[in-house]
Structure formats: C-alpha cells, structure tokens
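Asks: Okay, here's what each chain looks like letter by letter:
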Amino acid sequence: MARVTFREDRCKGCQLCTTACPKKIIFMASSINEMGYHVATVTEQEKCTGCGLCVIMCPDMVIEVERGREN
Amino acid sequence: MRKITARPYSLRDVPFHYCPGCMHGIAHRLVAEVIDELGVSGRTIGISSVGCSVFAKHYFNVDMIQAAHGRAPSIATGVKRVLPDRVLFTYQGDGDLAAIGIGDFIHTAYRGEKITTIFVNNAVYGMTGGQMAPTTLIGQVTKTTPFGRSVEINGNPIRVCELIAPVEGVAYVERVSLHNPKEIIKAKKAIKKAFEMQLNGIGFSLVEALSACPTNLGLSPLEAVKWMEEKMIPFYPLGVYKSPAGVV
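Sequences listed follow chains R and F, in order. Numbered per the working numbering, the first sequence finishes at 93, counting up by one with no gaps. Numbered per the working numbering, the second sequence finishes at 292, counting up by one with no gaps.
Please note that the accuracy of each hint is not assured.
[To be verified] Chain R is nowhere near these chain F residues, computed Cβ spacing over 12 Å in every case: (1) L181; (2) E227; (3) K237; (4) A289.
[What the hints assert, rightly or not] List time: in silico DMTMM-like cross-link candidates among lysine to aspartate or glutamate, alpha-carbon distance up to 20 Å: (5) K226/F x E196/F; (6) K47/F x E56/R; (7) K47/F x E68/R; (8) K47/F x E86/R.
[Claimed, not checked] Every beta carbon over 12 Å from chain R, so not counted as near; a handful from chain F, in silico: (9) V84; (10) S118; (11) V284.
To be clear, the hints were calculated from the coordinates, so they are not data collected in a lab. All C-beta atoms in this analysis are idealised placements derived from N, C-alpha and C, irrespective of residue type, glycine included.
Turn these sequences into a full structure, and let the hints steer you where they fit.
Replies: Here's what the structure looks like:
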C-alpha cells in the first residue's frame, strides 16, 4: 500500500517525475497553480508502489510518498 | 502509513528560485541529505558562489558565506584554517569555478586544503543569460556562439575532473550526473564520500555534477535530459577520477 501526494503550490511543471515513474502513472494536470504551471498529478493512486523514484528526481521537493499498512 | 521521504533538516522549507527542470534543486537536496546523514549540520559552513547558485545561502540550513565571483575555495581555505574542526563545502557552477575562479580552485587543490567542492556543470552561463562557458561543448549554440562553439575560435572545453585528478593534494574526484534517478543515487554516494574524505583529513575533494539548463539551451526539461544523455555525457565521461588508492 502506497500513497503519493504532490505539494502543488511548489510544482513548476518540469515533467521530470513523469519519466522517473516506473509505472508511468504521473501526468500533468490541465489545471494550473498560482505560478501558472501545469502541476504533476496522479489519478491511479492504487498503482503506486511507493518506490520513491519521483521524489529522487523532483528538483523542487514537491512529492511525498507514504508506504506501509493503512492505519 | 509511513513517509519514506522527508525534507532534510539542512534544507530550509522555502521554494527554490530555479527555473523548471533545473537540477540545482536536486544537487541542493543531495548535499543537505549528506550533511544530515553525517550528523555535521551544526558545524558545517557552506560557501556559495556567484551564478544561479548565488542564493544557495537562502536554502541551506547551515552557516553560509556568499563569496565574490570565483573566490569560494579561497574563502573556504581561510575559514578552514581558522576553524579546523568545521566542515567546509563550496557550491560552485561552471562559470564560477572553471572560468573566473579556476586560479583559486587549482591553487586550493594543489595546497591540498581539506575542503569539499560541489561543482555543478551545465555547460552554459545560466544567470547572465546563456553565454558560452569554458565547459560549453563543441558545436553548442549559446548567446555568444550563435553558430556553435568552434575549436578554432573558442578553443576546447575544459574537463575539470581530468585536469585536477593528477594533482597530489587532491584526495577524491568523481564526475556524476543528475539526469535520472539511478545517477542521482550514485551522485549522493559520491558527495558523501567526498565529505568523508574531508572529515578523515585526507585532502581536497571534488564532485562534478552534470546538470541541464533547459532555459538557456532553449529546450524543454525532458529534451534537456535527452541532450545530456546524447551530447554531454559522452564528452564528460562519468566515474571516479581519483580516490586515495590513486588516479583511476
């Protein structure tokens, strides 16, 4: 069980996370944030394995990943 | 569920001013994570350079000094000699280290000062608007080389790791890249090793991190990563150039 969350106000829409994701579930949303960038997002949350590669790749520390049992 | 990632303590929770896709953010995070893991946050002093990384002093949650252009290794030398128990690192770009600051850098290396230099090489002057840097690749188009860098007119690019590896005072030299997660994990190990060289008092250590500047290359961040893979890494081969075992 894993969950990925995005701190949307910090995202600059560089898309580096979309290629880092081995499951290819990250995509750019059509909505924009305060800075005017399309933000990275995930809809198929259940496919996330919590590997954290997107976190490693993100230059702006937008992404947080949680892993483990639901409590 | 448990968070598997967290912002390092040595990095302030403020947004970076860097452009989308700039890899300075990744390099900042790696340095901060290494400082945390080594437990030296309270006695680390960073020297930020002139260039896009000039505002690194706002981001690192350690004592920081902002050096004049290219003079970061000299200031680190001074601080290290006055306070030898401190951990000193300089964070420099290619315009700062390889152009105006190469004199200070080479002399610091020859003196074998026990400091760590993090050198972020993006092959272009970023902050001033994309002029040719000493590390600009042959044929690369920049603001000041509109027809591509030519060997006849502009000379050959400087390979800093190869230049500094044979020097006696240098303990550790490695070139890493920040273009994919695998290389970023390797880069973190290299930075940690460089800091350990300093903590063990072995000598000068340098980590060159290849990075992309999508804004000044005129490419999207993903195209810039591809450009790094196809053009930059073949010219600047990755790997360890020097370790205490000797020149590789």
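Asks: Against each hint, give a clear statement of whether it holds in the structure.
Replies: Hints and how they fare:
For L181/F, the requirement that its beta carbon stay farther than 12 Å from each beta carbon of chain R is met, with the minimum near 22 Å. Some Cβ of chain R comes within 12 Å of the Cβ of E227/F; the nearest lies about 10 Å off, and the non-interface call is violated. Non-interface status of K237/F relative to chain R is upheld: no Cβ of that chain comes within 12 Å, the nearest being about 18 Å off. Distance to chain R confirms A289/F as a non-interface residue, since its nearest Cβ pair spans about 29 Å, more than 12 Å.
Of the supplied pair hints, the one linking K226/F and E196/F is violated, its CA atoms being roughly 37 Å apart against a limit of 20 Å. Pair hint K47/F plus E56/R does not hold up; C-alpha atoms about 26 Å apart against a cutoff of 20 Å. A distance of roughly 16 Å separates the Cα atoms of K47/F and E68/R; the hinted pair therefore holds under the 20 Å criterion. Between K47/F and E86/R the alpha-carbon distance is near 7 Å, which keeps this suggested pair within the 20 Å criterion.
Distance check on V84/F: its Cβ is at least 21 Å (rounded) from any Cβ of chain R, clearing the 12 Å threshold; non-interface status holds. Distance to chain R confirms S118/F as a non-interface residue, since its nearest Cβ pair spans about 29 Å, more than 12 Å. Residue-level check passed: V284/F sits 21 Å from the nearest beta carbon of chain R, beyond 12 Å.
Hint compliance for this structure: hints 2, 5 and 6 are broken, all remaining hints hold.
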